[in-house]
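Q: Sequence:
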Amino acid sequence: METGTRGNTSGIAGNGETVINKASSSAHNAVNSLAGAADDAARKAKPAIDKVVGMAHQAVDKAAGAAAPAAEWLGEQGENLNAAQKKLMDDTCSYVSANPMKAVGIALAAGFLISRIIL
3 METGTRGNTS
13 GIAGNGETVI
23 NKASSSAHNA
33 VNSLAGAADD
43 AARKAKPAID
53 KVVGMAHQAV
63 DKAAGAAAPA
73 AEWLGEQGEN
83 LNAAQKKLMD
93 DTCSYVSANP
103 MKAVGIALAA
113 GFLISRIIL
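Taking this note's numbering, the leading residue of the sequence shown gets 3, the next gets one more, and so forth.
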């Protein structure tokens, strides 16, 4: 911090600096006191915080344990759906290859019906 009188030679600047230093010192002491109080509160709250953290970990573990079978079932069902989709696509391709004119007629009729339903 720069301390200059800027042309004031009456000695008032010296008294002002002393007041500022005292105020600054008081402010620093107040901050240190609050920091000490916060540290004490944190030390007192630590067991409660640790208990809450432990309970949160248990809840997460239970949720993960419950979700694992559901995720496994969904994975199996996804595989079954993929297999059914592949079989349906293969069967459709085989039918269209074996009956091209019939497939075009069915597609035209389906398109006509869908257009009438939508419009």
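Simulated from the structure, these hints should not be mistaken for lab results.
Incorrect hints may have been included.
Per label pair, the in silico range of CB-to-CB distance [to be verified]:
hint	residue 1	residue 2	range
1	Lys48	Glu74	48 to 54 Å
2	Met91	Ala65	53 to 59 Å
3	Gln79	Lys53	48 to 54 Å
Below, in silico cross-link-like pairs of lysine to any residue (SDA-like), each with a Cα-Cα straight-line distance of 25 Å or less [unchecked claim]:
hint	residue 1	residue 2
4	Lys46	Ser35
5	Lys104	Leu90
6	Lys104	Phe114
7	Lys64	Gln79
8	Lys24	Ala37
9	Lys53	Ser35
10	Lys46	Ala66
11	Lys24	Ala43
12	Lys88	Lys64
13	Lys89	Glu78
14	Lys89	Ala68
15	Lys88	Arg118
16	Lys89	Ala65
17	Lys89	Ala66
18	Lys48	Gly67
19	Lys104	Arg118
20	Lys48	Ala29
21	Lys64	Val54
22	Lys46	Lys64
23	Lys88	Ala69
The beta carbon of each residue, even a glycine, is placed where N, CA and C say it ideally should be.
Q: Each of the hints needs a verdict: does it hold here or not?
A: Verification of the hints:
no.	hint	result
1	Lys48 - Glu74: 48 to 54 Å	violated (39 Å)
2	Met91 - Ala65: 53 to 59 Å	violated (38 Å)
3	Gln79 - Lys53: 48 to 54 Å	violated (40 Å)
4	Lys46 - Ser35	holds (17 Å)
5	Lys104 - Leu90	holds (18 Å)
6	Lys104 - Phe114	holds (15 Å)
7	Lys64 - Gln79	holds (24 Å)
8	Lys24 - Ala37	holds (20 Å)
9	Lys53 - Ser35	violated (28 Å)
10	Lys46 - Ala66	violated (32 Å)
11	Lys24 - Ala43	violated (28 Å)
12	Lys88 - Lys64	violated (37 Å)
13	Lys89 - Glu78	holds (17 Å)
14	Lys89 - Ala68	violated (33 Å)
15	Lys88 - Arg118	violated (30 Å)
16	Lys89 - Ala65	violated (36 Å)
17	Lys89 - Ala66	violated (34 Å)
18	Lys48 - Gly67	violated (28 Å)
19	Lys104 - Arg118	holds (21 Å)
20	Lys48 - Ala29	violated (28 Å)
21	Lys64 - Val54	holds (15 Å)
22	Lys46 - Lys64	violated (29 Å)
23	Lys88 - Ala69	violated (28 Å)
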